[in-house]
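Trainee: Residue numbers (our numbering), protein chains in the order written: chain B, 1 to 387; chain A, 1 to 559; chain R, 1 to 180.
Hints should not be assumed to be uniformly reliable.
To be verified - Taking lysine-lysine and the BS3-like style, the derived pairs with C-alpha atoms no more than 25 Å apart in a straight line are: (1) R/K82 with A/K158; (2) A/K353 with A/K406; (3) R/K35 with A/K163; (4) A/K163 with R/K82; (5) R/K102 with A/K248; (6) R/K35 with R/K102; (7) R/K102 with A/K158; (8) B/K68 with R/K35; (9) R/K61 with A/K241; (10) A/K297 with R/K35; (11) R/K168 with A/K163; (12) R/K102 with A/K139; (13) A/K241 with R/K35; (14) R/K102 with R/K82.
Just so you know, these hints were derived from the structure itself, not from any lab.
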Amino acid sequence: MMEFYFELPLWLRLTVQGLAVIAVLFPLAGACSMAERKVSAWIQGRPGPSRAIVPWLAWIPGISLLQKLGVFHFTADGGKMFLKEDVAPGSVNKFYYYLAPLIAVVPALCTVTFVPFGAYWDAATETMKPLVLANVDVSMLAVFAVASLGVYSLILAGWASNSKYPFLGGVRASAQLISYELSMTLSVLPVFLWVNAPGGEGSLSLIHVVNTQAQPGLWGGMWYVFLMPLSAFIFLVALFAETNRQPFDMPESEADLVGGFHTEYGELKWGLFFVAEYAHMFVGSAIFMILFCGGWHPFPWLPLDTLLGWLGGIAPIFLNPVVSGVIAVGIFLAKLIFSIFVFMWVRWTLPRFRYDQVMKLGWQKLLPLSIGNLIFYAVAIAIIERS
Amino acid sequence: MIQPAKPELVTVNIDGQEVEVPKGINVIEAARMVGVDVPHYCYHPKLTIAGNCRMCLIELGMPAVDRATREPIMDEATGKQKINWIPRPQIGCGTNVSPGMHIKTQSDMVKECREGVMEFLLINHPLDCPICDQAGECKLQEQATGYGRGYSRFIEQKNVKPKRTQLGPRVVLDDERCVLCSRCIRFSQEVAKDDVLGFVDRGSYSTLTCYPGKELANNYSLNTVDICPVGALTSTDFRFKMRVWFLKQTNSIDTESSVGANTVVWSREGVIYRITPRQNDEVNDTWMADSGRILYKQVQSDDRLLPAGSLADNLAAASALLKDGGVAVVGSGRSSVEEQFFTARIAKQLEAKSCIVARHGEGDGILVSADRNPNTRGALVTGLITGLPATELTELAADIDAGAVKTVLVVGEDLTAAGLSADQLAKVNIVYLGFHANATSAAAKVSIAGLTVFEKSGTYINQQFRLQKFASAVPGLAGATDDRVVLAQLLAAVGGETTGSDLASVWSALSREISVLDGLAYAQLPDTGLLLDSTAWSGLAFPEGETLHYQPATAEATA
Amino acid sequence: MSFKTVERRPLSLAERTYVPQILSGMKTTFKKMVKPKETLNYPEARPPIPPGYRGVPTLVKDPNGREKCVSCQLCEFVCPPKAIRITPGEIPPDAETAHVEKAPEEFEIDMLRCIYCGLCQEVCPEEAIWLQNVFSVSGYTREEMVNDKKRLYELGGTLPDDHYKWDKKKAAEEAGNPHH
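Full structure from sequences and hints, please.
Mentor: What follows is the structure, encoded as structure tokens:
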């Protein structure tokens with residue numbers, strides 16, 4: 001099967017891969033929006049959306065559980081979003097107004113291709129082979145580079161809407177994203193300093209980072225969240241800011257900006273912004289899990305290979321490439337879902353920062369902290385490597 | 001106008017306050033003059049005094065005089081003349097004031113007396129207030145608020161008496177509610193002169209009834225309902241129709257005859273529910289005839305003339321007909337002074353003969369006179385007519401037959417009722433203005449819907465040449481226009497001098513052009529009317545006989 | 001007014017990082033999340049209506065099925081938004097309750113105007129109008145939102161009576177004057 005796939009022409013493979021990304025991420029974004037509603041409801045002591053059901057499926061036993069979870073709500077919401085009349089305010093700059101949601105969603109989906117999402121047991125080499133759409137050596141850089149493009153969509157939406165609230169939202173988005181990108185990048189550097197020990201072959205590959213967290217020994221099996229907690233913390237905070245999530249959702253900030261940059265947007269165009277936000281969250285969470293939490297490895301000091309080796313001793317089926325791939329992806333997805341849940345949990349716990357506080361935190365706290373952190377680890381790594 | 005003689009004043013002391021009041025009035029009236037309320041049920045200022053309700057008890061005292069020397073006995077402590085207080089309370093209604101009299105209306109004894117009387121009255125009074133029409137204007141309710149104890153000590157069974165007795169065609173009696181004040185009995189004897197009511201049995205069995213074989217059917221029976229201090233006597237017409245506290249009161253004038261009894265029209269949200277008399281001591285005291293109380297039904301009667309076409313079109317058509325020449329004007333003794341004024345001006349402008357239709361009936365000597373037009377005097381004053389009107393329009397009939405009249409402007413009258421035949425009506429163009437549909441409006445080329453007296457404002461001049469005003473109680477029929485406005489516009493359309501049709505500008509024209517109305521303005525007219533100088537018409541033989549507060553001029557001359 | 005200046009305690013380093021506060025906040029919300037839900041699934045589950053609740057005003061009958069309202073119109077008078085409109089009528093003399101004499105011919109409460117103040121219930125001398133436990137009214141037209149007499153009795157039903165005032169009155173009438 002694999003052979004058949006790899007024998008396909010490149011363009012067809014790319015199309016299939018692209019469609020797969022869309023087919024996976026769009027429903028996931030929908031599911032996230034539903035999860036967001038449910039989590040907020042639970043936190044607020046409500047049952048949340050629990051009514052919608054497809055009438056001709058109501059007879060299926062146990063389907064009421066899905067109904068209670070609001071599963072049918074997100075299909076209904078998605079359907080509604082697609083079928084709504086497409087309207088645009090008369091005062092907008094039409095071209096850029098329609099361009100903005102596309103610019104939002106394209107980079108968000110593109111970044112997914114660089115993110116490894118699992119591994120499978122290759123019986124031939126008796127090693128784990130990573131699962132990734134575009135296995136490039138500079139994936140970390142690529143992710144940063146492409147993801148940063150997303151900010152243009154917010155600025156463009158704010159400007160093209162020709163309305164003051166969206167404009168303010170766009171301005172805030174650009175300033176905020178630039179501010180936190182610095183800290184974010186700086187916080188990642190110690191990881192790569194550690195991974196690319198002097199003398200060895202340098203790589204910015206995310207797969208490489210995952211693999212270095214799954215080595216034998218006390219230091220080798222340790223996840224970087226324990227090794228570099230400050231880096232992880234700075235990265236996480238910056239990630240919240242980068243994805244415009246509470247408490248950093250200044251560009252939307254419905255309390256003072258109505259809806260922020262998407263005030264003038266409706267139906268599917270608005271939905272695309274939504275998808276982009278959740279895609280960013282996904283990719284961001286994935287990067288965090290890969291860099292600091294061992295990627296698809298289940299526990300610190302317990303790499304997936306070892307686990308599969310044990311399981312393979314019990315039943316050889318676990319060493320099947322497909323089964324092992326599913327297990328790896330499952331573990332990675334579980335970590336991702338937990339991370340997304342944390343995003344929501346934080347959103348419904350914390351109040352929003354004031355804009356000046358956001359700026360102050362970014363420039364006066366996080367940036368010096370990440371520089372200090374970088375210097376500390378650079379020196380420390382140098383000393384350790386020397387010795 | 002003869003000034004009434006200045007009444008002789010006496011000084012009395014009411015609740016420590018020295019006041020001068022006319023001699024001969026009773027204590028209730030004297031107290032009322034200084035703003036002190038003495039509660040009462042049976043006393044009525046226009047009836048004889050019965051003194052049987054005992055509610056108006058007061059404390060009375062006279063300055064002490066030494067019997068032998070006639071010298072005043074002085075009180076050492078205050079240095080003033082000593083007052084001999086009568087140890088028992090006296091009734092205020094039956095006690096006339098005399099010089100030096102001292103009256104206490106608020107003392108503890110007086111209050112105790114009132115509370116005692118109230119408790120006795122309430123013992124057998126049924127708890128009917130929710131279904132009683134008098135609720136809201138009930139003296140017993142009012143005094144119970146002031147002097148009732150708020151709960152009952154009476155544990156025995158209440159009296160059972162006849163409820164819903166039909167005393168006459170218009171009056172229902174509930175004997176349980178009766179407080180035996182006898183106002184209705186005295187009214188029937190003294191004012192209506194129809195002595196049909198009386199009490200039978202004694203003590204708590206006392207019951208008001210009609211004399212066997214008789215009924216309270218005279219034309220003044222509803223006044224008993226008005227004066228009944230409780231809900232014992234109720235009007236069949238008004239019974240259970242509406243609670244009085246919803247009703248808006250508007251001052252009006254009874255239009256059934258030239259007596260011009262003053263009335264109050266009670267309406268709610270554009271619907272009239274009843275008409276009651278309004279006190280005017282120079283015209284109708286506090287009474288009015290039953291026949292005048294049902295006139296409000298004309299507002300919603302079936303034979304109202306409904307508006308057809310726009311007013312502008314109708315006026316244009318009417319003025320075209322009128323300007324064609326050969327016009328006769330038939331005004332109305334039921335129109336207000338203002339309307340008659342405009343009618344007269346239209347006649348003058350068109351050089352047309354004008355007349356009104358007289359309407360005669362038998363006067364009853366009380367408040368219905370022989371002249372059944374409320375405003376015959378107004379037609380004289382405004383110059384619409386110069387002599388007394390006739391019931392038949394023979395002159396107009398002759399003119400029509402002779403072909404001298406091509407168009408007749410009719411204001412509110414039915415010409416067939418005034419002696420004209422249908423053939424004669426067919427010979428002429430008729431312009432009709434009025435509120436009700438009749439043979440004339442049916443034959444009319446142009447008919448303009450007007451308003452009833454309850455829907456418009458204006459003035460009438462009654463048999464005494466008393467100028468009295470009435471105000472609109474309810475909004476007019478949709479689409480119909482105030483007759484005064486229609487006539488003013490018609491006058492303008494036929495080329496007459498344009499005057500504003502609002503009351504203020506009409507009255508400025510009236511006071512300018514009519515000498516007896518000189519210096520008057522509608523807004524300044526008192527509610528009880530204003531007597532005009534009638535010497536210009538003293539030679540006319542008016543048909544009215546003697547009624548309450550009116551002596552025919554001829555009778556005065558022979559006396 | 002006297003007041004006391006309270007010195008604001010300077011924030012500790014931990015507090016200035018926000019982290020402990022954020023964590024304690026997240027602890028609170030997490031606890032809340034696993035607790036039983038406090039809201040009701042409204043149309044299916046309904047809140048208990050406490051006694052004395054002021055819901056939709058209704059007309060009631062006494063246990064003998066007599067309509068209690070005598071159309072005294074006090075409620076119409078007291079109603080602050082003028083939601084009540086009564087057309088009074090007379091009970092025909094041959095009716096069983098003829099001794100009550102008066103009953104409403106028509107009784108309308110405009111629920112678009114009603115403010116549920118309960119003054120009508122308070123003022124009613126016959127205890128005929130009650131604000132009962134219906135709290136949700138809806139309709140497609142304005143006319144639908146005006147409850148007429150029939151609907152008001154449907155909503156009101158029968159309530160226990162403490163007095164039987166009119167039955168006592170009728171009994172006294174039938175017994176006649178105790179003097180005789």
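Trainee: With reference to the structure, classify each hint as holding or not holding.
Mentor: Hints and how they fare:
For a cut-off of 25 Å, the pair hint linking R/K82 to A/K158 is broken: about 37 Å separates their Cα positions. At most 25 Å may separate the alpha-carbon atoms for a hinted pair to count; A/K353 and A/K406 meet this at roughly 12 Å. At most 25 Å may separate the alpha-carbon atoms for a hinted pair to count; R/K35 and A/K163 exceed this at roughly 69 Å. Taken as a hint, the A/K163 and R/K82 pair is broken in the structure, with Cα atoms around 33 Å apart against an allowance of 25 Å.
Proposed proximity of R/K102 and A/K248 is supported: the alpha carbons are some 23 Å apart, at most 25 Å. Pair hint R/K35 plus R/K102 does not hold up; C-alpha atoms about 58 Å apart against a cutoff of 25 Å. Between R/K102 and A/K158 the CA atoms are separated by roughly 21 Å; this keeps the pair inside 25 Å, and the hint holds. Of the pairs offered as hints, the one joining B/K68 and R/K35 holds, with about 17 Å between alpha carbons and a cut-off of 25 Å not exceeded.
For the hint linking R/K61 to A/K241, the alpha-carbon distance of about 23 Å falls within 25 Å, and the restraint holds. For the hint linking A/K297 to R/K35, the alpha-carbon distance of about 72 Å lies beyond 25 Å, and the restraint is violated. Straight-line distance between C-alpha atoms of R/K168 and A/K163 comes to about 16 Å, which keeps the hinted pair within the 25 Å bound. Of the supplied pair hints, the one linking R/K102 and A/K139 holds, its CA atoms being roughly 22 Å apart against a limit of 25 Å.
Note on A/K241 and R/K35: the hinted pairing is violated, with a Cα-Cα distance of about 62 Å set against a maximum of 25 Å. A threshold of 25 Å between alpha carbons decides the hint, and for R/K102 with R/K82 the separation of about 22 Å falls inside it, so the pair holds.
Hint compliance for this structure: hints 1, 3, 4, 6, 10, 13 are broken, all remaining hints hold.
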